[in-house]
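Required output: the full structure, derived from the provided sequences and hints.
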Amino acid sequence: MLVKLLNTLLMVVVALSITGVIHRTRAVLAGRRGTRFLQHIYNVNLLLRKGAVYSTTTTILFRIAPCVYLGAALMAFLFIPIANLEPLLSFHGDIILVAYLLAFSRFALILAAMDTGSSFEGMGAAREALYGALVEPALMMGLATLALFCGDSSFAEIFSEGQVLDVNLTVVLLLVAYIFVMIMFIEGGRVPVDDPKTHLELTMIHEVMCLDYSGIDLAMIQIAGWLKNSIFAVIAANAVSAVLCFHWEFAAPLAVLGAGISVGVVESLRARNKLSRNTTYILTISALSALVLLVGFLLMQDIKI
Amino acid sequence: MYLYSLLVAMLVVLAIFLAPKRHKVWVATGAISLASLAAIVASVVALGGEVVKIAEFETMFFGQESLAIDKLSALMLLIISVASVATVLYSRGYVKGYLERFTSVHISMHYTALVTLVVSMMLVVMSSGGFSFLFSWELMTIASFVLILFEAERHEVRRAALNYLVMMHIGFLFLVAGFVMLFNVTGSANFADIQHYFAVAAPLPLFVILFIGFGMKAGIFPMHIWLPEAHPAAPSHVSAIMSGVMIKTGVYGIIRMMQAIDHNRELLFTIGLIVLISGAVTGLWGVFLAAMQNDIKRLLAYSSIENIGVILIGLGIAAVGHAAGSSLVGMCGMCGALLHMVNHSLFKSMLFFSAGNIYSKMHTTAMNEMGGLAKYMPVTAIMMLFATVAICALPPLNGFVSELLIYIGMFNGVGSGHEVLYSVTGIIALSLIGGIVVLAFTKLYGVVFLGSPRSHHVAECTEVDNLRIVAMAIPAAFILMIGLAPQYAIRPIALVAEAITGSVNTIAVDHFAPTLRIFSYVGIAFLVVVALIYILKRRAQRSRVITEGPTWGCGFTAVNTRMQYTGESFSEGLENIGKPLMKDFVDGRAVDKDEIFPLPHGYRISHKDKVDSLLGRWWVEMMYRINKYVMRLRTGRVNNYITFALIFFVVVLVLTLFGIL
Chain E
524 MLVKLLNTLL MVVVALSITG VIHRTRAVLA GRRGTRFLQH IYNVNLLLRK GAVYSTTTTI
584 LFRIAPCVYL GAALMAFLFI PIANLEPLLS FHGDIILVAY LLAFSRFALI LAAMDTGSSF
644 EGMGAAREAL YGALVEPALM MGLATLALFC GDSSFAEIFS EGQVLDVNLT VVLLLVAYIF
704 VMIMFIEGGR VPVDDPKTHL ELTMIHEVMC LDYSGIDLAM IQIAGWLKNS IFAVIAANAV
764 SAVLCFHWEF AAPLAVLGAG ISVGVVESLR ARNKLSRNTT YILTISALSA LVLLVGFLLM
824 QDIKI
Chain Z
347 MYLYSLLVAM LVVLAIFLAP KRHKVWVATG AISLASLAAI VASVVALGGE VVKIAEFETM
407 FFGQESLAID KLSALMLLII SVASVATVLY SRGYVKGYLE RFTSVHISMH YTALVTLVVS
467 MMLVVMSSGG FSFLFSWELM TIASFVLILF EAERHEVRRA ALNYLVMMHI GFLFLVAGFV
527 MLFNVTGSAN FADIQHYFAV AAPLPLFVIL FIGFGMKAGI FPMHIWLPEA HPAAPSHVSA
587 IMSGVMIKTG VYGIIRMMQA IDHNRELLFT IGLIVLISGA VTGLWGVFLA AMQNDIKRLL
647 AYSSIENIGV ILIGLGIAAV GHAAGSSLVG MCGMCGALLH MVNHSLFKSM LFFSAGNIYS
707 KMHTTAMNEM GGLAKYMPVT AIMMLFATVA ICALPPLNGF VSELLIYIGM FNGVGSGHEV
767 LYSVTGIIAL SLIGGIVVLA FTKLYGVVFL GSPRSHHVAE CTEVDNLRIV AMAIPAAFIL
827 MIGLAPQYAI RPIALVAEAI TGSVNTIAVD HFAPTLRIFS YVGIAFLVVV ALIYILKRRA
887 QRSRVITEGP TWGCGFTAVN TRMQYTGESF SEGLENIGKP LMKDFVDGRA VDKDEIFPLP
947 HGYRISHKDK VDSLLGRWWV EMMYRINKYV MRLRTGRVNN YITFALIFFV VVLVLTLFGI
1007 L
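If you read the sequences in order, they're chains E and Z.
Residue 730 in the numbering used here sits at position 207 of the first sequence, with consecutive numbering throughout.
Residue 747 in the numbering used here sits at position 401 of the second sequence, with consecutive numbering throughout.
Do not rely on the hints blindly, as some may be mistaken.
Claimed, not checked - Dumping the calculated DSBU-like pairs for lysine-lysine here, alpha-carbon to alpha-carbon at most 35 angstroms:
id, chain 1, residue 1, chain 2, residue 2
1, E, K797, Z, K939
2, Z, K939, E, K720
3, Z, K939, Z, K954
4, Z, K929, Z, K939
5, Z, K929, E, K797
6, Z, K974, Z, K956
7, Z, K721, E, K573
8, Z, K939, Z, K956
9, Z, K367, E, K797
10, Z, K956, Z, K925
11, Z, K939, Z, K925
12, E, K720, Z, K929
13, E, K797, Z, K925
14, Z, K442, Z, K367
15, Z, K721, Z, K954
16, Z, K721, Z, K707
17, Z, K954, Z, K929
18, Z, K974, Z, K954
19, Z, K442, Z, K925
20, Z, K399, Z, K442
21, E, K797, Z, K956
To be verified - Covered stretches of chain E (in silico footprint by chain Z; criterion: 3 or more residues with CB under 8 angstroms from a CB of chain Z, positions within the stretch not fixed):
id, region
22, 544-551
23, 556-570
Because the hints were derived from the structure by calculation, they are not lab data.
Just so it is clear, CB atoms sit at the ideal spot from N, CA and C, and this is done for glycine as well.
Here's what the structure looks like:
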């Protein structure tokens, strides 16, 4: 039980600190001093104390959607172990539940965006729906690769201590980690797929969907965003640590630093994709993950290449 | 006893004609409820273990046949019963709007066909095969044909109905051929003899022929093209029962065949592969096309095709897993597929009922005319949202449970390292389907119910009558039950799956029953968490300033409702990917980029299935072309005709002389 609590606590710390690392990396690379490490938490705290403006077009669905968004992300969050720790919740097949809970959170926000009747938010919703749909195979393939290596379909089992992995699989696991970081970019609305810092609504995806949210609702959406990021970051870190040093003391900082720095570096160094190229970009990741699975399968067969 | 209730139901049909116009529905309700009640009782007995024998008789073509309920029939009967009762209850409100326009006989015909359809579907799943099966199969087709023809004065309805009738008879021809082949070899045409046939004769030809015959009804790619034509034409409750239940009889036939192959591992593997691949193709094709439709009922029809694909993926995985000797994979796939059959019948009925509510108020199913309907039809909106969440396979509702089982089967296949490639094929297909379904249904729901009205008709809409709401609540209750307590719902399904796979394998059930129990707790916890967050939010907001204003227009103030995202624009991104699947029909001209001051434009685009033009139109054009040559022979002169007859005789004579004939 204590292990489970430690895991949950660590997950929360990871979720809270990734955004800080991202901001700090960006600042360093741009030659700025940057904001406080916990500035994003202060911002959300401020939002939590604010009132709200609701559009007259909207229905009750608009007010419930952020709760569903946060609730689904939170439930998914509780299934994720950090390396050899035990997650709070676990059952056989939970990797599928996590994927579909994340889909549910997306579903809720898409409908909320459609509820405002704004063409901008409809645009964001359409893009989010499309990219979410296309990234789904990548997510499942990544999970299937892990399931292939460990012969099980729950996070707790896949990342349990007893799993001894062949050295051959190092490259494949690193690629799996890469895929999950990529999925984090896409689901988290990050460069190169989406740019949360842009000033033109026409080019945004995730941010434009929550244009009409303010106060507590916006805070909930941001918290859910942290949770979602941390889910993918921790899975990626787990995959890496499975070949290096399978221990939570290693995996937790790796999740924070790996995800945070990679997002920060990519956001500082490259521009956002042209929107029409995003589908190709995401499908490439899905194809890559299928390829990784295939290579992993061949390696498992002990075929000497 | 059950047989008598069916006979009574058929006799009551006569009373429909005698009853006054307004009360015909109650006669039909009585008949269908009676048949359904008896069916439920009989199937509960059958699920308990024993095969319920209804009747045995000698038929003139195929010998000894019988009506009996085994476990698979029992499951089908349950599906049919629940959906039929909901359908007939719903039909009262829907048909009410037509009572003025149509004659008494017209309404009677409709209800007679409805009762006949229900009874014939029940006969189909009870029949042991051969003549009685084909007879009830044909009865089912004709009844549904009459049901589609409800609004027969509309040209497109007649066209769709005729299209349906032709397609079904092509399928029927294959079935007859299959059964005759079966009869020739085994001396009887019962499903039970397929096993014997597979043992003594080449199995694949018979399988493929029957697969095409059943696939025509089920809507398997490329035989799905009747679905998107027939459903928009049919009244909504008919679409509900056809899409929710009738197409499942096709899947039922396929399962019956798979049941027979059980002992031949190699063959089972081949057939599993065929089913898996056709399921993946059907599912992906259906969901892609569904996402691009701008008509509510066409979208729902394509989504039915997609769900058939999901069911077939489950069946395929079950067969492949079973053939590889992994009973866990086999059980998971089979249970998932069977449960998905149940689930789809529930949420698809609800969705078609919702579409019917909208149609009876808006008098159109074009979703780009709608928007903001949630404010005017709140109950329908909630019901539809519920069904939408279920069909998107989102936890904690029932759609997720069945897909979870299929996924667990496939992940086990991956984990075991034996059926990796087949499982991966299934995973890729199912995950892509799952993703695009969310797109298709957020589009449907968002464009129809959310935002602001796109036409003034929306403001005239009001909520429908209570009976229709009750009819929709019946499937809703089952959806909730299966979603929140899957560990109980799986028990009867597992019984059926065991009966089909022939393995008495409680290990598999014990394996995923705990999974489902934890899942049900997680599902309930999820709902509690969401409710808690909402309550906390409301509580916190009580002391804050909450204001209302117009939607933020990003600095643009002259927003009007036509500027909202339409169904077409919502799926534009996907259309760029899915171009090869369809043919675009453009009416009017889009605004050109160079037009600085654009004049008013009319622009309408519709996407037609490419298979439709390949299969449907191509044949017609070929027939025209061949006919043009054949028509040259029709000169109209008697002497020419006599010459033809002479040539014919000479040819026959010559052939006989050389001993060829």
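Within a Cα-Cα threshold of 35 angstroms, do K939 of chain Z and K956 of chain Z meet the stated pairing?
Roughly 29 angstroms separates the two Cα atoms, so the pair holds.
35 angstroms Cα cutoff - pair K442 of chain Z, K367 of chain Z
Roughly 10 angstroms separates the two Cα atoms, so the pair holds.
Within 8 angstroms of chain Z (C-beta), three or more residues of the region 556-570 of chain E:
violated (count 0)
K367 of chain Z and K797 of chain E were given as a pair; does the straight-line alpha-carbon distance stay at or below 35 angstroms?
62 angstroms, violated
Measure nothing beyond the straight line between the CA atoms of K721 of chain Z and K707 of chain Z; if it is 35 angstroms or shorter, mark the hint as holding.
Given pair K721 of chain Z, K707 of chain Z holds - Cα atoms ~14 angstroms apart, limit 35 angstroms.
Within a Cα-Cα threshold of 35 angstroms, do K939 of chain Z and K720 of chain E meet the stated pairing?
29 angstroms, holds
Pair hint outcome, K399 of chain Z versus K442 of chain Z [Cα-Cα no greater than 35 angstroms]:
Violated, at roughly 40 angstroms.
Does K954 of chain Z sit within 35 angstroms of K721 of chain Z, going by the straight-line distance between their CA atoms?
32 angstroms, holds
What's the verdict on K442 of chain Z and K925 of chain Z, does the C-alpha distance respect the 35 angstroms limit or exceed it?
The hint is violated at about 42 angstroms.
Between the alpha carbons of K939 of chain Z and K954 of chain Z, is the straight-line distance 35 angstroms or under?
Cα-Cα ~26 angstroms, so holds.
Need the status of pair K956 of chain Z, K925 of chain Z: alpha-carbon distance at most 35 angstroms?
Within the cut-off at roughly 10 angstroms; holds.
Checking one constraint from the list: CA of K939 of chain Z to CA of K925 of chain Z, max 35 angstroms. Satisfied?
Holds. K939 of chain Z to K925 of chain Z sits at ~22 angstroms (cutoff 35 angstroms).
Of the hints listed earlier, those the structure fails to meet are numbers 9, 12, 19, 20, 22, 23, in rising order.
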